[in-house]
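*Asks:* Below, each chain spelled out in residue letters.
Protein chains: 2
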Amino acid sequence: MNIMIAQSGGPTPAINATAVGIIELAGTLANIDKVYGALNGIEGVVHDHVIDLSERLTSDVELEMLFYTPASALGACRHRLPENIADDPLYPQIIQNLMAKEVELFIYIGGNDSMDTVKKLSQYCALKGIDSIRFIGAPKTIDNDLEGTDHCPGFGSAAKYIATTFAELEKDCTVYNQPSVTIVEVMGRNTGWLTASSALSRLNGGRGPDLIYLCELPFDQDKFLTDLTLLLTEGRPILVAVSEGVKKANGDYISVIEDNKLDAFGHQFISGSGKYLENLVRNRVGGKVRSIELNLMQRCAGHISSKTDLEESRQIGRYALQIGLTGETGKMVGIQRVSSHPYQIEFVVSDIDQIANAEKKVPLAWIMPSKSDVTCDMIDYLKPLIAGETALKYRNGIPDYISLH
Amino acid sequence: MNIMIAQSGGPTPAINATAVGIIELAGTLANIDKVYGALNGIEGVVHDHVIDLSERLTSDVELEMLFYTPASALGACRHRLPENIADDPLYPQIIQNLMAKEVELFIYIGGNDSMDTVKKLSQYCALKGIDSIRFIGAPKTIDNDLEGTDHCPGFGSAAKYIATTFAELEKDCTVYNQPSVTIVEVMGRNTGWLTASSALSRLNGGRGPDLIYLCELPFDQDKFLTDLTLLLTEGRPILVAVSEGVKKANGDYISVIEDNKLDAFGHQFISGSGKYLENLVRNRVGGKVRSIELNLMQRCAGHISSKTDLEESRQIGRYALQIGLTGETGKMVGIQRVSSHPYQIEFVVSDIDQIANAEKKVPLAWIMPSKSDVTCDMIDYLKPLIAGETALKYRNGIPDYISLH
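Top line first, the protein sequences correspond to chains H and C.
So that you can map any letter, position 84 of the first sequence is 72 in this note's numbering, and since no number is skipped, the others follow by simple counting.
So that you can map any letter, position 303 of the second sequence is 291 in this note's numbering, and since no number is skipped, the others follow by simple counting.
The shape of chain H in the complex, shown without the other chains (with noise of 0.2 angstroms):
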C-alpha cells in the first residue's frame, strides 16, 4: 500500500518533524510500498502535485535537515473544501487522484481548516461506501487552539521563542534607566496562548511583562491607561505583552480606527493591536513609547525551537500512521497530559467532528483578577512545552535547513 502525507495552514518550526514521523516510521514497516507528499495540501491532490518522498529523501541526513526545518517543506494552502459533500465534483477528483496512485492512507498535518478537510473526505467516503482509503488528522498550529489535545505540535516552539524574545527585549529595554513604555504585540487572534507566553520570559528572574494583554477578555482601556501611569511613577522602563486580537467590549478589535479616517494613500488606516496602543499611550500619557510586532518570526524561528516539541511533533506522525493503519478514519491525533511535574504525555484519538471548526481558548481561571497577567497554574501549563534546545546543524553561520521541491 502507498500512504501521502499533506501539510497546510500557516507555518509553525515544527510541522516537517511530523512528518518526518510519519516518513520515518513508514520506512520501517514492510506492508508500506511509497510514501507521497502532496505539494500546498489538498490542492496538490486536486491538481496531482505529488512528489515520492521515499525517492526524494534518501538519507538519514536529509531526514534530520527536514526534521529541523520551518515552514510546511511540502507547501500549503488556504483552501476550505465545498459545504455540499454529496454532490460537488471536487470529491470523486480527489478520491480518484488518491486511488490512481494507489494511496490507503491520507494524512493531513494542519490546524483548524485543514481538520475540515479530513472530516468532509472522511463524510464523502462514507457516504459513497468507499473504504479504501483513510483519513487522519495530525495538528499543527501555534496559536494552540485545537480541542482534542493538551497541546498542538509548534505551539511550543513558538512559545519559546516568545519567552526567549521577552527576555531578551527586558534586557535591551532596560539599559537606559528612565521610564519608557514598550508595547510588544504577539499573535493570537482569538487565543491569548502566545501572548500568555510571553511570562516565561521570567522563568530565570526576570521580571516579565508588566502588562500581559489576552484576547480572552475584553480590553479595557481605561484601566490599562490607570494602571500604566502608575507603573511609569516607578521611574522604570515598563514592558506590555499584548495579543494581536484584544477586542473591545462590543467585540471590535481595538486596532480598527472608528472613525473611518483615511491614511495619505486614502486606505483606512489599521494598525495592529500593538501600533494602536503606542499611539494611544503618545496621546493620553506621553514619553518615550515605541510598540514591536513579532510578526512571522515568532511562527518559523527554527533556530529556536523547542526539543519537546519537536520531539513530540516527531512521535504524534508515528502515531497518526499507526492509528491510520489500525483501520481508522475521519480522526485527529492528539496529545493528553498525564502529569505537569513530571512531564509526562501519551497519545491519543478524538473524532474529527469533535475538533473541526472548534476553538480552545485560554482558561479566564488562568488569568489573573487584575485581568493584566496569567496565573501560576498557566505558568505550569506552558513551561514544560518550551523545554530543551535542539541539535540543529549550522552550516556558513546559519541553520542547514533543507527544500523538497
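Keep in mind the hints are simulated off the structure, nothing from the lab.
Remember, it's a predicted structure, so these values are computed and weren't measured experimentally.
Treat the hints with care, since some could be wrong.
Because identical chains cannot be distinguished in the list, a pair is counted as satisfied if it fits within a single copy or across any two copies.
Unchecked claim - Here are the simulated DSS-like pairs of lysine-lysine, each with C-alpha atoms no more than 25 angstroms apart in a straight line: (1) K211 <-> K359; (2) K235 <-> K263; (3) K295 <-> K381; (4) K263 <-> K276; (5) K89 <-> K276; (6) K22 <-> K89; (7) K371 <-> K295; (8) K359 <-> K236; (9) K348 <-> K295.
Since the structure of chain H is already known, use the hints to place chain C on it.
*Replies:* Structure of chain C alone, referenced to chain H:
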C-alpha cells in the same frame, strides 16, 4: 591601581563579552586591584553610581553568563559631554570622582558618542596636565559604522540574526505558491551594513532577498516599482530587504509623509521605510503585501550570537586593557583584517580623533550596478563575521542571562 569600565550606546549581544575580556585579564594581573563598573555610562561616573565588579562577579560561571548576556549589563546613557572642555565644571567633577576611586584607566565600550566622550576626557587631561588617568575606547555597535576597525564587535551577531531570520522568513513566505510581497525593514539610519547581511541567507542554497536596498544610494521609487512588477510576473513570493534609513535623492527619508497628513491622533503620520514601501506597493501594484520590522530583536538576540563576534569582542577587551596599561590614552582599539581566506585578524590602535564623529559607509563598489543587491566582495567581507555558534547555556527552556545591578 584600579580601573573602571563603562558601556554606552544602543544594545548589542557582544558588549558584555568585551567587559568580560577586560575583567578576566585584570584578574590575572597583580598590579590591578579593583575593576569598577560605572552604571549607565559616563553618567555613572558623574553621579558616582559605580559597582565593584571584582566583588560582584566572583565565579567563572557568572563571568560566562555575562559573556553571553545581550545589552549593556552596566546600563547605558545618551549623554554627550559639553563642547567647552576648558571650562565646563563637569570635567573636573568626572576626574575628581575617578581619582577618588584611584582609577588610573577608564575603558569606555561603546559607539560613536562614547568615542567622543573618550576624546574629550583625554583632551581635558592633556589640557590640564593630568597624566594619572588614561582613557581608552573599545568599539561596539551593531551598525558597523565606526572608522578605525575592519568591523565592530556586536555587528557579527546582529548580522547572524539577520541572515538566519531572512533564511527562515523565506521558508515562511514560500509555503503558498502564489505571488506576494514581503518587505523587511532592517536597522541602519545612515549605513547599510546590516541590510546587506540579509544576503547571507543565501549561503546554504536559499534564494535570499529578491531586492536589497541600502541607504548609501538614493532610493529610486520608480525603478523599485518597475523591478518589483517584473519579478511578480514570475508568480512567486518576493522578499525585499530595505534599510530603515533609505532616502530620496534630495536626502529626505522616504518614510516621512511629505504633505503633513495627520493620523487619527492628530500626529504627523511617520511610518518606517518598510511600512512606507508596503503602502506604496499596495497602492501602485496591488496584491498581497506586508512589511516586517526586525526592530529591537536584531540588536539583542543573544541566543543567536556569532561565536566569532563574541570571541573577538572578548579579545578586544583584553587588548584595550593591555594598551591602556602601556600608558596610551585617547585611543580606540580596533580590528584589522589580515585576510578573508582564511579569515585572520589582528588588533590595532587608532587615535580617537580619527574615529569620533566619523561614519564608515558601505563602499559603493560593493553594491551591484542594479542598485538592488550586493556584490561577492560584500559577501566575502561579511561571511566570516557570522561564523560559529556559541555555547550559551539554557535553564528552564530560556537562555540563562545575568543581571549585574
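*Asks:* For each hint, tell me whether it holds in the structure or not.
*Replies:* Now the hints, each set against the structure:
no. : hint          : in the structure
1   : K211 <-> K359 : within (10 angstroms within a copy, 50 angstroms between copies)
2   : K235 <-> K263 : both (14 angstroms within a copy, 24 angstroms between copies)
3   : K295 <-> K381 : both (14 angstroms within a copy, 15 angstroms between copies)
4   : K263 <-> K276 : both (14 angstroms within a copy, 21 angstroms between copies)
5   : K89 <-> K276  : neither (61 angstroms within a copy, 35 angstroms between copies)
6   : K22 <-> K89   : within (9 angstroms within a copy, 75 angstroms between copies)
7   : K371 <-> K295 : within (13 angstroms within a copy, 28 angstroms between copies)
8   : K359 <-> K236 : within (14 angstroms within a copy, 46 angstroms between copies)
9   : K348 <-> K295 : within (24 angstroms within a copy, 41 angstroms between copies)
The earlier numbered hint that this structure contradicts is number 5, and it is the only one.
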